[in-house]
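Going down the list, the sequences are from chains G and R. Each residue of the first sequence is one higher than the one before, starting from 194 at the first, in the working numbering. Each residue of the second sequence is one higher than the one before, starting from 111 at the first, in the working numbering.
Hint data in this document are derived by calculation from the structure and do not stem from the laboratory. These numbers come from a predicted model, not from an experiment. Think of the CB as a built atom: it goes at the ideal place given N, C-alpha and C, for glycine as much as any other residue. Certain hints may be false.
[As the list claims (entries may be wrong)] Ranges of calculated distance between the beta carbons of each label pair, as one might list FRET restraints:
# : chain 1 : residue 1 : chain 2 : residue 2 : range
1 : G       : K377      : R       : S268      : 39 to 47 Å
2 : R       : G302      : G       : R280      : 27 to 35 Å
3 : G       : G390      : R       : G188      : 30 to 38 Å
4 : G       : K203      : R       : S268      : 23 to 31 Å
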Amino acid sequence: MISKKVNSVKEALEGVKNDMTFMLGGFGLCGIPENAIAELVEKNINGLTCISNNAGVDDFGLGLLLHGKQIKKMISSYVGENDEFERQMLSGELDVELIPQGTLAERCRAAQSGFPAIYTPAGFGTEVAKGKETREFDGKMYVLEHAFKADFSFVKAWKGDTAGNLIFKGTARNFNPVMCGAAKITVAEVEELVPAGELDPNQIHIPGIFVQRIFQGEKYEKRIEQRTVRTK
Amino acid sequence: MLDKTGIAKRIAKEVQDGYYVNLGIGIPTLVANYVRDDIEVEFQSENGVLGMGPFPFEGEEDADIINAGKQTITTLPGASFFDSATSFSMIRGQHVHLTILGAMEVSENGDIANWKIPGKMVKGMGGAMDLVASAENIIVAMMHTNRAGESKLLKKCSLPLTGVGCVKKIVTNLAVLEVTPKGFKLLERAPGVSVEDIQNATEGELIIEGDIPEMNI
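Work out the full structure: start from the sequences and follow the hints.
Below you can see the structure in the form of structure tokens.
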């Protein structure tokens, strides 16, 4: 068994530097790599380009990195719910590239899968397609979108084993699986790390080959953005 | 004239047995409350769940189970979770039968604008561009006019587009309309609304053929 286990978040983030490009899993605050983000704040590196569906909220998730002005550029599909983000974007301190959510997922998957680019119908005829190659297939128009290139992927899973195999829970899965193996180094953090052999191979969502480093997160706040309930 | 609930109720009648449906944020979300209970429908949320159920009971919220609006939800028997690429495979691959979403503007050729107002804070398109570029059946739920009283059914959209030539049907507080090669074809009137009222609130080409029935909600 090839072990991917590292003993701490510090060890997991060895080699991260200023001006790097990172992929970060999560949808809203659901399934975000909380421990890796906390360590990136701690390391105080900056000039970062972050590929992530959202940009967190003011005091949690990627909002923590924005607060310290560590992010130079965000590539996201939706960035509401964050005043500091808005301020930095409007003042020009922060560069923002907004792209369709499915395109974001597929540009990750292309990087993971060895495709240099993909054709998608999303965004054709809109400003998203400006300056990009387009092509007609069977009478419909498509836009050429390139695979991302990133230095690190930070993903969060529910359970993992020392071989790097991952199992996700609920909608905390979201972008995490497609970011595994899509950067030079994939760092997975899990709520529960078990010895290889304890997880049923039939139930693995992401095989360990896509993961270079795995660790058990010290704690998870799992903040809820919109608590909606009904009464009994 | 309909309120937002009325629009949702009228759109709910378009949902058929066996449909997989994606609902946008706002009025579309309300549609789930009014779908007939003698048909089987599954709701997809693009963050990675099919078979979405109602909000959880207080104390039973799970931070790991949310919808695309980031609200805590539950799942129904037969539900599944999946990653974002698989989710958009369902959408782009036309496995989702019906997409219902809001709009700021729709043009008479079916272009839609619903993600950006130049000069205002832009939050992003989320999954809207993927949804409108691919869905075979798109219904727009919106008010017929904006807050300034200007028509949202235009000859040409003035705002940055979300997608081109993709809207098939529109349900507003005044009418049900179909997008045809010749323009907006008026299908139904909201209760108490005249054809003239609709004509006055529609900037784009409005096609009126024969008697226009009142909606049955």
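Evaluated hints:
Judged by the Cβ atoms, the range 39 to 47 Å given for G:K377 and R:S268 holds: they are separated by roughly 44 Å. The beta-carbon spacing between R:G302 and G:R280, approximately 46 Å, falls outside the hinted interval of 27 to 35 Å. Remark: the range hint 30 to 38 Å for G:G390 to R:G188 is upheld by a beta-carbon distance near 32 Å. Taking 23 to 31 Å as the suggested C-beta distance range, the pair G:K203 and R:S268 does not conform, at roughly 53 Å.
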